[in-house]
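Visitor: Spelled out, the chains give:
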Amino acid sequence: DAGITQSPRHKVTETGTPVTLRCHQTENHRYMYWYRQDPGHGLRLIHYSYGVKDTDKGEVSDGYSVSRSKTEDFLLTLESATSSQTSVYFCAIKGLATSETQYFGPGTRLLVL
Amino acid sequence: GENVEQHPSTLSVQEGDSAVIKCTYSDSASNYFPWYKQELGKGPQLIIDIRSNVGEKKDQRIAVTLNKTAKHFSLHITETQPEDSAVYFCAAKAGGGADGLTFGKGTHLIIQP
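Chains as they are written, first to last, in this note's numbering: chain Y, 1 to 113; chain Z, 1 to 113.
A portion of the hints provided could be inaccurate.
Cross-link-like lysine-lysine pairs, in silico, BS3-like; alpha carbons within 25 Å at most [said to hold, decoys possible]:
#1 Y:Lys11 with Z:Lys42
#2 Y:Lys57 with Z:Lys105
#3 Y:Lys94 with Y:Lys53
#4 Y:Lys53 with Z:Lys58
#5 Y:Lys94 with Z:Lys42
#6 Y:Lys94 with Z:Lys105
In short, the hints are calculated from the structure, not lab data.
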């Protein structure tokens, strides 16, 4: 998994509660991404980061926020979880700015009741 | 934005036969096309990728072809083996300043013994 860990790996929460997922990398890569995977949709980009404190929105960013205060950690927050945010969340990293190759973490399975 | 279509959604082949998965993309400025393999409960793993300045790339039993004029690319797996059974995703990286990958919806490849 290219030195990427995600925590927690599984989480069950209730509608309306805030949830934070963590992605941690040991490779000192500049670029980090959050995707969600749902049946019939493949993977869709939520947010990404191109450096400490530098983030941007992806295709499905509504209801999510991110923060990156250190190179190694990229946090995804569901400000008020909804059932539509039940999904598997994957973090990915990309090394060099001139390389497009992304490597994915093991994923976090989130269930919002 | 970019849109990636992937076919078929399910593909069943006899062990030893070849498998072909096809994808089309919409943004003519897209310049990078990776293929990922995902096993149950794991994150996607890059198996091969191709850039827009190359028409074909091969790595042992796996090959990818790209037709920029028609805006489609294909994954070819020869001499399929039971361990090739998985879900395969194609993706495209849009040109310009946008970052992140746009994924197809996946193909479930089943290798029949």
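Visitor: With a cut-off of 25 Å on the C-alpha distance, tell me whether Lys94 of chain Y and Lys53 of chain Y pass.
Guide: holds (17 Å)
Visitor: Take the C-alpha atoms of Lys57 of chain Y and Lys105 of chain Z, compute the straight-line distance between them, and say whether it is at most 25 Å.
Guide: Holds, because 21 Å separates the two Cα atoms, which is no more than 25 Å.
Visitor: Can the restraint linking Lys94 of chain Y and Lys42 of chain Z be considered satisfied, given a maximum Cα separation of 25 Å?
Guide: holds (18 Å)
Visitor: Is the straight-line distance between the alpha-carbon of Lys94 of chain Y and that of Lys105 of chain Z 25 Å or less?
Guide: This hinted pair holds, its Cα atoms lying about 22 Å apart.
Visitor: With a cut-off of 25 Å on the C-alpha distance, tell me whether Lys11 of chain Y and Lys42 of chain Z pass.
Guide: Roughly 16 Å separates the two Cα atoms, so the pair holds.
Visitor: Keeping to a limit of 25 Å between CA atoms, is the pair of Lys53 of chain Y and Lys58 of chain Z held or broken?
Guide: At roughly 39 Å apart (the allowed maximum being 25 Å), Lys58 of chain Z and Lys53 of chain Y break the hint.
In terms of the numbered hints stated before, the structure departs from hint 4 and from no other.
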